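With chain A held as given, fit chain B onto it using these hints.
These protein sequences, in sequence, are chains A and B.
Sequential numbering of the first sequence, starting at 0, is according to numbering that gives the first Met the number 0.
Sequential numbering of the second sequence, starting at 0, is according to numbering that gives the first Met the number 0.
Hints may be right or wrong, so weigh each one.
No distinction is drawn between identical chains; accordingly, a pair holds when it is met within one copy or between any pair of copies.
Said to hold, decoys possible - Here are the computed lysine to any residue pairs in the SDA-like style, where the Cα-Cα straight-line distance is at most 25 Å: (1) Lys284 to Thr154; (2) Lys178 to Phe467; (3) Lys388 to Gly319; (4) Lys284 to Ala174; (5) Lys380 to Glu456; (6) Lys284 to Arg352; (7) Lys388 to Glu71; (8) Lys178 to Gly316; (9) Lys256 to Gly191; (10) Lys388 to Glu375; (11) Lys256 to Pro353; (12) Lys380 to Thr370; (13) Lys256 to Gln5; (14) Lys388 to Gly374; (15) Lys284 to Gln350; (16) Lys380 to Asp327; (17) Lys256 to Gly374; (18) Lys380 to Ile58; (19) Lys388 to Arg376; (20) Lys380 to Glu422; (21) Lys256 to Pro245; (22) Lys284 to Ser270; (23) Lys256 to Thr370; (24) Lys256 to Asp302; (25) Lys178 to Ala268; (26) Lys380 to Leu392; (27) Lys284 to Ala264; (28) Lys388 to Phe467; (29) Lys178 to Pro245.
Quick caveat, the hints were computed from the structure, so don't treat them as lab data.
Note that the structure is predicted; figures quoted are calculated from it, not measured.
2 protein chains.
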Amino acid sequence: MTDAPQVTPVILCGGAGARLWPVSRRDFAKQHAPILGGASPFQRTLRRFAAAPMFAAPIAIVGAEGRFMAAEQAAQTGVAVEIVVEPEGRDTLAAITAAAALIARRDPAATLLIAPSDHLIPDEAAFAAVVAAAARAAANGDLALIGVVAAAPSTGFGYIRPGASAGPVGRRVAAFEEKPGAARAAALIAEGCLWNAGLVCMRAGEGLAEIRRQAPEAVAAVEAALDAATDDLGALRLGDAFLAAPRISFDHAVLEKTDRAVVVAGDFAWSDIGDWREVWAQSEKDAQGVAAEGPVVALDAHDCYLRADRRLVCALGVEGLAVIDTPDALLVAPLARAQEVRGLVAAMTAQGRPEAAQSARTHRPWGWYETIDRGERFRVKRLQVAPGKQLSLQRHHHRAEHWVVVRGTAEVTRDGAISLLHENESVYLSSGCVHRLANPGRIALEIIEVQTGAYLEEDDIVRLADDFGRA
Amino acid sequence: MTDAPQVTPVILCGGAGARLWPVSRRDFAKQHAPILGGASPFQRTLRRFAAAPMFAAPIAIVGAEGRFMAAEQAAQTGVAVEIVVEPEGRDTLAAITAAAALIARRDPAATLLIAPSDHLIPDEAAFAAVVAAAARAAANGDLALIGVVAAAPSTGFGYIRPGASAGPVGRRVAAFEEKPGAARAAALIAEGCLWNAGLVCMRAGEGLAEIRRQAPEAVAAVEAALDAATDDLGALRLGDAFLAAPRISFDHAVLEKTDRAVVVAGDFAWSDIGDWREVWAQSEKDAQGVAAEGPVVALDAHDCYLRADRRLVCALGVEGLAVIDTPDALLVAPLARAQEVRGLVAAMTAQGRPEAAQSARTHRPWGWYETIDRGERFRVKRLQVAPGKQLSLQRHHHRAEHWVVVRGTAEVTRDGAISLLHENESVYLSSGCVHRLANPGRIALEIIEVQTGAYLEEDDIVRLADDFGRA
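Bound conformation, chain A alone (with noise of 0.2 Å):
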């Protein structure tokens, strides 16, 4: 038995997690939310490959909308990751043959590990030691996915179906089994079927090797776009041939042809946290079931999963239910329904409702700003700028704004000239002049900006310089 190589993590950022409604959404991604407790399943993945000193310094594949997100928490957990910019967002199969072409250009020997971003494993020893194992599995070659061993019948994952005996390590993929009914799912456990749990292991040149075996237009299009590939702020920005790739999952496209690959099973607690019924699943509950976050009361609830994001939420004699409650959009509906959230928040978007995609918190690379108040001619906002950053130079044609900083200090270029203000400083901003926010600190600034005017809409800006590119 041979040491297991170094694996460089490819984390997978795409997906926003619609059933996660109402904490999750198109503009801030499950994987990038506090779904439990404090860190993002993002910064849980990272920490989990920081734990183990067999994982290089990962990868992370994220989508244009993302990446300032994906860096900014990057850089809260301390872990250095490499972000590849794509584009637009084009499914599985073109992310992975990505991180598989880009890591054998540097080296075809590498071995990598492809993960998604947005699951919960919480004993890392564990998780590592298995990945180890598929490491092994992948050295000759094949493509080495971890097959979870089930913890209970769910109709939520795919299975795999493990064959004969791959040698050393693993066995060879018989089958993959789609979401099963509930019956079937039993049945599936009790032949010996593994969740896919979406972690494949593979050495880059052979395993690029077998997708282009399998999805030739995919590679052409990647390499491609690697090599019009851009330093952008620090990113890999991918070249537009990256749209050529075909829009379809890695599984479909190369792991149900190939005749590659091979599972190694894991016996680790893990969590896709895919639906609200899952989140609850995970949580600490008390004696009557109760999960609860932030500022609840519950009387008489049983089994339900109660999460206040700043309101006080008051349960009274329910059962079975998760109340999600936000800023701007509260979910009241049945655990045992929780997957059908997504279709709810499907509904909502062809209602046109922006609550549908957007969250009450708005991101920005900068920082975020939040709208904590709005009438009929005026709009009061709060917003958070991180030390270093600053927003672009701008203008509004329609609108004055008023700053008053309640937290740390901020540089002010009015029209020229510019100015430090500190807490408890406040300055005005006619419309028209041009104008910049800047915060020069080791702490972030907060400013409140009452904005007046007869129209008050994030398009009324003209941004004559910016550092993210937006200009």
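For chain B alone, kept in the frame of chain A given last:
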């Protein structure tokens, strides 16, 4: 048959309506809350009396904390109302005695109608006709109750058992029946019993005489309080002798003991809108039995009352549920357990939760304010000042304030200097400065106030002069 005399309505504005939490709270009682659409129950009550010429200008008996709200809401309806302020609430015996004594001093032969401020009676003409009948029944000095023909075997109300004929109108009260169980309620209705709706007609002098027979100490306390009553900013404030009146209901102290009680049956739609189940019952519903107020998305929901003050409320797959969302607190409970909300509020009060009693929006004699955001050393409020009103001349030791006018015109006093601020103008008030905010205009004034400092509670205020007697 004689013509009905003119009737002076006496509107009882005590009580808070804990079962309608979180819309109704101790500081924003049910009768003033927009429970069913725009107008409050108190305003609907005023309009009901204004609609029939048989009614004289009403008298409202209010607590000290509700007096400005009552005056403001009356002004909005355009109905002239005389406001009598209790120094402290003493239940209905004291309030009704005060009204009877006050009216008797002016005209002992006058007829009055005791009326709760928080009930729903949509058919104003039918109501007026029954009051006219009750007034005739009271012409001989009897206390004439209006008993509502029961629409369902409710367990939430007391019942009145009619006895022998009382002459041309009404019957003598044979007995009062306490709130019954469901089977007993059905039996009571079959036996001809009527709901006790708290509506009592009497002639002032003779009614007062009967109260004196049953509860002489109440009349003594109230007469002394009337002797010492003062004009208080346009209301009649009873003297502190009022506090000597026993704390007991008019029903217990007088109606259940007297032999002068008669009952006139009223066959009109009536509701005490006492809990969310009753609000749901009185609301317009869709084909699935869902009543929705505000921005609501309901998917496969049945028989629910869904109320969204501001935020989007989404209900998926729930049945028989009340979801009541307010800016600072949310309630989720089965409609069938709506009566238990009172116990929930008591539990929260015991836990010291401010949301149990205090609304997000705090009403003041000059208008209202609401905290829209807060952080470690800052708080942001939105204030509305009614036309012609002003706040106290005041000073804060620990906080500075930034005011931005977002609607209307402000007259700002700052350390003796007075200036006018228009929309989109701002002013800074350092801690310790003596300041005042007034609305000299014809439309409501709204400002955004950003407070900064180490201590930001309401009690950091020194009032130097005040239009409302608070200095």
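Do the hints match the structure? See the list:
no.	hint	result
1	Lys284 to Thr154	within (24 Å within a copy, 36 Å between copies)
2	Lys178 to Phe467	neither (42 Å within a copy, 69 Å between copies)
3	Lys388 to Gly319	neither (45 Å within a copy, 50 Å between copies)
4	Lys284 to Ala174	neither (38 Å within a copy, 52 Å between copies)
5	Lys380 to Glu456	both (12 Å within a copy, 22 Å between copies)
6	Lys284 to Arg352	between (33 Å within a copy, 22 Å between copies)
7	Lys388 to Glu71	within (12 Å within a copy, 49 Å between copies)
8	Lys178 to Gly316	between (35 Å within a copy, 23 Å between copies)
9	Lys256 to Gly191	within (21 Å within a copy, 80 Å between copies)
10	Lys388 to Glu375	between (32 Å within a copy, 22 Å between copies)
11	Lys256 to Pro353	neither (40 Å within a copy, 62 Å between copies)
12	Lys380 to Thr370	both (4 Å within a copy, 13 Å between copies)
13	Lys256 to Gln5	neither (28 Å within a copy, 92 Å between copies)
14	Lys388 to Gly374	between (30 Å within a copy, 21 Å between copies)
15	Lys284 to Gln350	between (36 Å within a copy, 21 Å between copies)
16	Lys380 to Asp327	both (14 Å within a copy, 18 Å between copies)
17	Lys256 to Gly374	neither (58 Å within a copy, 56 Å between copies)
18	Lys380 to Ile58	neither (35 Å within a copy, 45 Å between copies)
19	Lys388 to Arg376	between (30 Å within a copy, 22 Å between copies)
20	Lys380 to Glu422	both (17 Å within a copy, 18 Å between copies)
21	Lys256 to Pro245	within (16 Å within a copy, 87 Å between copies)
22	Lys284 to Ser270	within (17 Å within a copy, 41 Å between copies)
23	Lys256 to Thr370	neither (50 Å within a copy, 60 Å between copies)
24	Lys256 to Asp302	neither (43 Å within a copy, 50 Å between copies)
25	Lys178 to Ala268	within (20 Å within a copy, 55 Å between copies)
26	Lys380 to Leu392	within (18 Å within a copy, 29 Å between copies)
27	Lys284 to Ala264	neither (30 Å within a copy, 54 Å between copies)
28	Lys388 to Phe467	within (10 Å within a copy, 49 Å between copies)
29	Lys178 to Pro245	within (23 Å within a copy, 71 Å between copies)
The structure shown violates the earlier hints numbered 2, 3, 4, 11, 13, 17, 18, 23, 24, 27.
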